[in-house]
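Asker: Residue numbers (this note's numbering), protein chains in the order written: chain A, 1142 to 1259; chain B, 7 to 115.
Treat the hints as calculated values from the structure; they're not laboratory data. Be a bit skeptical, because a hint or two may be false.
[Stated by the list, open to error] Taking lysine to any residue and the SDA-like style, the derived pairs with C-alpha atoms no more than 20 Å apart in a straight line are: (1) A:Lys1179 / A:Ser1257; (2) B:Lys48 / A:His1249; (3) A:Lys1182 / B:Lys62; (4) B:Lys62 / B:Leu114; (5) A:Lys1159 / A:Gly1169; (6) A:Lys1181 / B:Lys62; (7) B:Lys48 / A:Ala1180; (8) A:Lys1182 / B:Ser46.
Model, not experiment: these values are computed from the prediction.
One-letter residues, chain by chain:
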Amino acid sequence: DTEVTQTPKHLVMGMTNKKSLKCEQHMGHRAMYWYKQKAKKPPELMFVYSYEKLSINESVPSRFSPECPNSSLLNLHLHALQPEDSALYLCASSSQWGQMTSSNQPQHFGDGTRLSIL
Amino acid sequence: QKEVEQNSGPLSVPEGAIASLNCTYSDRVSQSFFWYRQYSGKSPELIMSIYSNGDKEDGRFTAQLNKASQYVSLLIRDSQPSDSATYLCAVNERQNFVFGPGTRLSVLP
């Protein structure tokens, strides 16, 4: 079990559906991340939130919309996805981001949501 | 030019042997280095962090860092079949995590 909880574990959706992925951590971390991981590839960073503010958007298509309602929660809203968006979506958190003191902080990952687009 | 490089493998070692996994990085100002283990279909799990030159041991795992050579390695002693997984090297470059492509390790019984 990880200290970062992601729901749902699996999601199958059509290209016209709207769904959301959820992530929760109770470690008091102030940085949260969304990654996308395709089979046999490393995780690719999508978004970074620091103190509930979006700090990095790695040129992610607008059909992915992140939201950070509070310091413990991170959502990823999905709309009009394409089959190539099928992947494992990972949420991670770390104590801080964007400051020199944060460079020693590892990221802790949730179990991921396996997303399949029909 | 890739920022973090690893041999993709697969690296096959017999049970009980030492598995040696290597990682090189390009950004000289990187200060923090991490090894993650990822089983097939699962999420990455942090197994080692290292910040200073030299060796750091934790159980059967030893991380080695050489900043002058921009090289970090992970040794797994007494390898077990349960160690079979993909090992991801991650480097904290200017406050962004950069993952290597991962090395697939197979420990043969």
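Asker: Lys1181 of chain A and Lys62 of chain B: Cα distance at most 20 Å?
Answerer: 28 Å, violated
Asker: Does the alpha-carbon distance linking Lys1159 of chain A and Gly1169 of chain A stay inside the 20 Å limit?
Answerer: With a Cα-Cα distance of about 30 Å, the restraint between Lys1159 of chain A and Gly1169 of chain A is violated, given a limit of 20 Å.
Asker: Given the hinted pair Lys48 of chain B and Ala1180 of chain A, is their alpha-carbon gap at most 20 Å?
Answerer: 11 Å, holds
Asker: Regarding the pair Lys62 of chain B and Leu114 of chain B, is the alpha-carbon distance no greater than 20 Å?
Answerer: 26 Å, violated
Asker: Below or equal to 20 Å on CA atoms is what counts here, so check Lys1179 of chain A against Ser1257 of chain A.
Answerer: 11 Å, holds
Asker: Does the structure keep Lys1182 of chain A and Lys62 of chain B at a Cα separation of 20 Å or less?
Answerer: Given pair Lys1182 of chain A, Lys62 of chain B is violated - Cα atoms ~27 Å apart, limit 20 Å.
Asker: Between Lys1182 of chain A and Ser46 of chain B, is the straight-line Cα distance small enough, at 20 Å or below?
Answerer: Holds, because 11 Å separates the two Cα atoms, which is no more than 20 Å.
Asker: Has the given pair, Lys48 of chain B with His1249 of chain A, been kept, meaning a C-alpha gap of at most 20 Å?
Answerer: With a Cα-Cα distance of about 13 Å, the restraint between Lys48 of chain B and His1249 of chain A holds, given a limit of 20 Å.
Hints 3, 4, 5, 6 from the list above are not met by this structure, while the remaining hints are.
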